[in-house]
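Trainee: The whole structure should be built from the sequences, with the hints applied where relevant.
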Amino acid sequence: MTKTPSSPPIPALYRIIYLYVEPISTLVGAIYAHHFQATYLQLTHVDSALVDPVPLGTSVILTQLANLYLLMCINEALVLRATTDLKVWKTFLFGLLVADFGHLYSVHQVGSWVYWRFWDWNAIDWGNVPFVYFLAASRLLFILDVGFGGTKVETKRA
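In my numbering, the protein residues as written are -5 to 152.
Hints are not guaranteed to be accurate.
To be verified - Estimated spans, in silico, between C-beta atoms of each pair:
#, residue 1, residue 2, range
1, W115, Y14, 16 to 26 Å
2, F95, S53, 27 to 37 Å
3, A6, S53, 32 to 42 Å
Derived by calculation from the structure, the hints in this document are not laboratory data. In this text, a Cβ means the ideal position worked out from N, Cα and C, and glycines have one as well.
Mentor: Okay, structure coming up:
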């Protein structure tokens, strides 16, 4: 039986981001999308926000969104805690990187200002734009092995 080389340890900054910061932030998103729906809609786009109470169809969609945020929170927190295999981490983070681009695209209808006019951002804009920029950049750096001590990290092939 051959022994497979173990993966190098995941750098602390990446562990903090993906095991704590991002799961907590997505949990907060889930709580707001489900329990504070009118506020969530107003923070997303005040001019088109519906009055309180939120219409039933919109409430159902926001609860479904909250469920997806909760799924992401649980998957990230548990799957990445379950392994140090870099192939798993990179595959998982690549999927989230694709979702980051979709998330950034989703806010384009608010106006192009949302990508750069930080002085006009509200709480949800800070989560939708610079936080997602930060996460996308950190995922890309992880996938490119930045921060792993200067040696090329080998991922085992199945």
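Trainee: Evaluate each hint against the coordinates.
Mentor: Structure-based check of each hint:
no., hint, in the structure
1, W115 x Y14: 16 to 26 Å, "holds (24 Å)"
2, F95 x S53: 27 to 37 Å, "holds (28 Å)"
3, A6 x S53: 32 to 42 Å, "holds (40 Å)"
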